[in-house]
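Protein chains in written order, with our numbering: chain V, 1 to 88; chain R, 1 to 406.
Treat the hints with care, as some may be off.
As the list claims (entries may be wrong) - To give an idea of the interface, some chain R residues facing chain V are shown, with a C-beta separation under 8 Å as derived from the structure: (1) Phe5; (2) Trp9; (3) Pro286; (4) His297; (5) Ile299; (6) His301; (7) Lys380; (8) Pro381; (9) Ala383; (10) Glu388; (11) Arg391; (12) Gly394; (13) Thr396.
To be verified - Cβ pair distances, simulated, as ranges: (14) R:Gly3 <-> V:Gln61: 30 to 36 Å; (15) V:Gly26 <-> R:Glu137: 49 to 55 Å; (16) R:Lys314 <-> V:Ala31: 29 to 35 Å; (17) V:Pro12 <-> R:Lys202: 47 to 53 Å; (18) V:Asp72 <-> R:Pro381: 51 to 57 Å.
As the list claims (entries may be wrong) - Over 10 Å on every C-beta distance to chain R, these chain V residues come out as not near it, computed from the model: (19) Cys10; (20) Ala46; (21) Thr68.
Quick caveat, the hints were computed from the structure, so don't treat them as lab data. Model, not experiment: these values are computed from the prediction. The beta-carbon is built from N, C-alpha and C at its ideal position, and this holds for glycine as well.
Given next are the chains, with one letter for each unit.
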Amino acid sequence: MAFTITCPVCGPRDGYEFRFGGEDKGPRPEAADLTPAAWCDYVHMADSRPGVQKEWWVHRQGCGAWFTIHRDTVANQEVSLNLLEAAE
Amino acid sequence: MLGRFKRLWDAKPMKTHYDAVIIGGGLHGLATAYFLARNHGLTDVAVIEKRYIGFGAAGRNTAIVRANQRTQENLPLYKEALDLWPVLTRELDFNLMFYNCGNLNLAHSEAALKAMRLQVASAQFQGIDSRLLDAKECRELVPALDISDRPRYPIFGGMFHPPGGIVRHDAVVWGLARGAAKRGVHIHQGTSATGIGVEGGKAAWVDTDRGRIRTPRVLNAAGAYSAGLANRFLGQRLPISVLTIQAMVTQPLKPLLHHVVSSGAYHCYANQTLKGEIATGAHMDPWPNYTTQTTAHYIKHQAEAVTEFLPCLKGLKFMRTWGGLADMTPDMAPIMDGHSPAEGYYLDCGWGYFGFKSSTVTGKYMAQYMATGECPEILKPFALKRFEEHRLMGETAALVDYTANN
Chain V
1 MAFTITCPVC
11 GPRDGYEFRF
21 GGEDKGPRPE
31 AADLTPAAWC
41 DYVHMADSRP
51 GVQKEWWVHR
61 QGCGAWFTIH
71 RDTVANQEVS
81 LNLLEAAE
Chain R
1 MLGRFKRLWD
11 AKPMKTHYDA
21 VIIGGGLHGL
31 ATAYFLARNH
41 GLTDVAVIEK
51 RYIGFGAAGR
61 NTAIVRANQR
71 TQENLPLYKE
81 ALDLWPVLTR
91 ELDFNLMFYN
101 CGNLNLAHSE
111 AALKAMRLQV
121 ASAQFQGIDS
131 RLLDAKECRE
141 LVPALDISDR
151 PRYPIFGGMF
161 HPPGGIVRHD
171 AVVWGLARGA
181 AKRGVHIHQG
191 TSATGIGVEG
201 GKAAWVDTDR
211 GRIRTPRVLN
221 AAGAYSAGLA
231 NRFLGQRLPI
241 SVLTIQAMVT
251 QPLKPLLHHV
261 VSSGAYHCYA
271 NQTLKGEIAT
281 GAHMDPWPNY
291 TTQTTAHYIK
301 HQAEAVTEFL
311 PCLKGLKFMR
321 TWGGLADMTP
331 DMAPIMDGHS
341 PAEGYYLDCG
351 WGYFGFKSST
361 VTGKYMAQYM
371 ATGECPEILK
381 PFALKRFEEH
391 RLMGETAALV
401 DYTANN
């Protein structure tokens, strides 16, 4: 299973150089008026839907950059955003 | 004799109404169906399976069973599960090939041994046979072990759990399916669930690609796909990451390993199957993934790891390798819940790589939950609410997050 991720700094690299950083859940919720339910949702919960998702990665064994990509979790392949937009 | 096999169960036409519908024809779904019929007289039950029964994790796990978990909430459940194998073998009249050879878990540091001391004490407190061994005793148990200081992580000792072992996973699938079908349960293979209907806050139907089934009880036991289904059908979000776990077997050997041997430090377990192959696995690529593909990266890792503490296996060939999906929660403990977000909707998921050893006992208690509507005492700590209340369980080996976010 070849798995390549495109780092915005280093370009396409072997997937094992990276560390997964979770589904993209938007900005961290504000501390004011934060309920346990909302915090739990942000920290633990995920959609976990098979298919294309926006997600965080860090180039741990490389430049250390954090970035988001779109990846199809059913094929385990990075998906180009341009292709995604063209399909919509 | 040859060729005169009778089918274990007959496919029945799908009805438009059942008393309970179970999504997922894996071990948890089949066991729940079996116990609904056996213990609660609820025989008007349908099991909906997208592929064929045992296609997913039920037929892909490495068949290891044990009860030496870490926490007081989990231990009694796994103990009962372990005690059930011989009982079910008789009851189902199906040879589940339970081989209670015992599990030896290796410690490669003083710290690991210390953690095992707590784990052993917790198990013993629950009446589960679990003992600490020093390195020499480990070697007496498994003469092939290298207890010298040659490996990168030398063996300091181990935790021996005599009542554990291996069970033939396919036999459990077939035995439970036959037992359930005999009591009237309908098993619909090749049928995928496409929606769950809610009416007035109550679960009312399950949509499938073969039509709508009305039912007052729905169990989501779809294994790796349960979180995605819950999200798609009901908007429910779960603390689950689905990772691919890989395993492989070597060419067959004469009897060599008489116990399941595992090592947390090497991320590796090995046992000799009754066919003589060494079955080994444990690695997960740490990102969500719904493929069951295997990787050269891991085959190399596995060969290196297993031959570090079992050097006599050097030069063996791997014959097969495969992958399965594990739905991991942050605390390595499952989620068993009901009546949320809809009354009559039940959830049994998040088993990670403990789903096989726990399947039968979970089926028993989920069946009780579904039949009575009341959560059995033993399942209460596993409610989804624990994440919101910061009552995560300590089933992880160390203070790490076992989801892919780690």
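Evaluation of the provided hints:
{"no.": "1", "hint": "Phe5", "result": "violated, 36 Å"}
{"no.": "2", "hint": "Trp9", "result": "violated, 30 Å"}
{"no.": "3", "hint": "Pro286", "result": "holds, 6 Å"}
{"no.": "4", "hint": "His297", "result": "holds, 6 Å"}
{"no.": "5", "hint": "Ile299", "result": "violated, 11 Å"}
{"no.": "6", "hint": "His301", "result": "violated, 11 Å"}
{"no.": "7", "hint": "Lys380", "result": "violated, 19 Å"}
{"no.": "8", "hint": "Pro381", "result": "violated, 17 Å"}
{"no.": "9", "hint": "Ala383", "result": "violated, 13 Å"}
{"no.": "10", "hint": "Glu388", "result": "holds, 4 Å"}
{"no.": "11", "hint": "Arg391", "result": "violated, 11 Å"}
{"no.": "12", "hint": "Gly394", "result": "violated, 16 Å"}
{"no.": "13", "hint": "Thr396", "result": "violated, 14 Å"}
{"no.": "14", "hint": "R:Gly3 <-> V:Gln61: 30 to 36 Å", "result": "violated, 57 Å"}
{"no.": "15", "hint": "V:Gly26 <-> R:Glu137: 49 to 55 Å", "result": "holds, 54 Å"}
{"no.": "16", "hint": "R:Lys314 <-> V:Ala31: 29 to 35 Å", "result": "violated, 56 Å"}
{"no.": "17", "hint": "V:Pro12 <-> R:Lys202: 47 to 53 Å", "result": "holds, 50 Å"}
{"no.": "18", "hint": "V:Asp72 <-> R:Pro381: 51 to 57 Å", "result": "violated, 36 Å"}
{"no.": "19", "hint": "Cys10", "result": "holds, 18 Å"}
{"no.": "20", "hint": "Ala46", "result": "violated, 6 Å"}
{"no.": "21", "hint": "Thr68", "result": "holds, 14 Å"}
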